[in-house]
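Participant: Listed here are the chains, written in short residue letters.
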Amino acid sequence: MTVRDGTRRPTRPAEPVAREAPPPSPRPLGLWVYGMAGLLFGILITKAEVISWFRIQEMFRFQGFHMFGIFATAMPTGILTVQALKRWGMRTVRGEPISIPPKQWGRGIRYIAGGVIFGLGWTLTGACPGPLFALLGSGVGVMAVAIASALVGTWTYGLLRPRLPH
Amino acid sequence: MREFLLQPWPWYVAGPLIGLFPALLLLVGNKLFGVSSNLRHACAAVCPGSIAYFRYDFRREGGWNLVFALGILVGGFIAGAWLRNPDPVAIAARTKADLLALGIRDFSGLVPADVISWASLLSARGWAVIGGGGFLVGFGTAYAGGCTSGHGLSGVADLQGPSFLALLGFFTGGLAGTFLLWPLLMGLWP
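Sequences listed follow chains A and B, in order.
Heads up, the first sequence stops at 165 in numbering that gives the first Met the number 0, and the numbers go up one at a time, no gaps.
Heads up, the second sequence stops at 189 in numbering that gives the first Met the number 0, and the numbers go up one at a time, no gaps.
Hints were generated in silico from the structure; no laboratory data involved.
The C-beta atom is built at its ideal place from N, Cα and C for all residues, glycine as well.
Just so you know, not all the hints are guaranteed correct.
[Unchecked claim] Negatives, chain B to chain A, calculated, CB over 10 Å:
hint	residue
1	MET0
2	PRO85
3	GLY102
4	SER122
5	ALA123
[To be verified] Covered stretches of chain A (chain B as the covering partner; in silico rule of three or more C-beta atoms under 8 Å from a C-beta of chain B):
hint	segment
6	33-44
7	77-83
8	92-100
9	105-119
10	129-137
11	151-160
Could you build all of it, start to finish, from the sequences and the hints given here?
Facilitator: Here it is as structure tokens:
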């Protein structure tokens with residue numbers, strides 16, 4: 000990997016975050032479409048109390064059905080709709096092919112270790128990344144500190160990445 | 000209608016709607032739904048340094064997603080300002096009893112203001128919960144390559160094995176946080 004000063008160092012290659020394939024249409028959909036989708040998602044998770052610290056506590060203590068009901072309906076809905084898109088070879092509204100890059104197994108360590116670390120943070124703040132933004136928007140201003148800390152966390156991961164087992 | 004909008008939305012309404020998002024974003028622009036990538040995009044935008052993980056074109060790869068995250072923020076504002084449910088979150092009575100025993104006193108908001116608020120940042124515990132918790136969320140989701148949305152919704156919808164493993168990790172960490180870390184932070188343990 001060539002870094003800014005021109006030297007080469009044996010770092011792990013950055014994982015691809017998106018696929019090649021420029022859109023065939025000259026004008027891709029405006030970014031506002033994604034903004035609207037995010038807005039609907041934000042309203043949805045706020046009104047469904049997915050962003051509530053109390054609901055997360057109720058879930059991890061296995062004392063209420065609400066969060067499990069959300070997962071138990073969201074996951075099958077996601078599986079059915081995404082598998083249908085793939086089965087029928089559907090394209091985007093602009094005619095691009097739909098492709099989902101498979102997640103790399105590696106040694107599998109990152110999914111357990113990273114997952115456990117995230118899970119700890121999830122119970123402390125009561126929020127995963129989407130709810131962090133929704134909580135800030137809904138008036139819990141101190142979540143700005145949690146978001147800033149999350150950025151420091153992600154940056155630290157980027158720094159340590161070559162030395163962490165994956 | 001207005002009555003319904005102001006109430007908390009039940010799981011059987013919200014769950015299926017949330018589950019539509021991976022397919023929706025694939026149909027709109029072949030985008031893989033996942034919110035935690037935005038933390039990486041923001042780092043790439045603000046402070047990539049010479050770290051290979053952050054050296055890519057964040058506008059091209061993540062511009063749409065950063066706008067999506069901004070949308071979540073605005074959606075949270077709309078739901079909080081005009082659709083707010085005035086009552087405390089209706090958690091199970093047993094959970095409320097457990098949380099009282101833990102030392103939580105303020106049940107009025109979406110988060111317990113006695114441990115998560117600006118005022119709580121005056122204490123070490125507040126920093127551990129808000130700063131430490133945020134750090135673990137950012138570090139853990141980047142390490143795991145996704146969060147509740149990227150793995151829990153998108154990865155699961157695509158039936159990807161690693162995402163199911165990550166979910167197991169999320170829950171293991173969550174249980175450890177609930178039953179070990181919180182009692183420790185509230186001075187109940189050891």
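Participant: Look at each hint and say if it fits the structure.
Facilitator: Each hint, compared with the structure:
no.	hint	in the structure
1	MET0	holds, 14 Å
2	PRO85	holds, 13 Å
3	GLY102	holds, 13 Å
4	SER122	holds, 13 Å
5	ALA123	holds, 13 Å
6	33-44	holds (count 12)
7	77-83	holds (count 6)
8	92-100	holds (count 8)
9	105-119	holds (count 12)
10	129-137	holds (count 8)
11	151-160	holds (count 9)
The structure agrees with every numbered hint stated previously.
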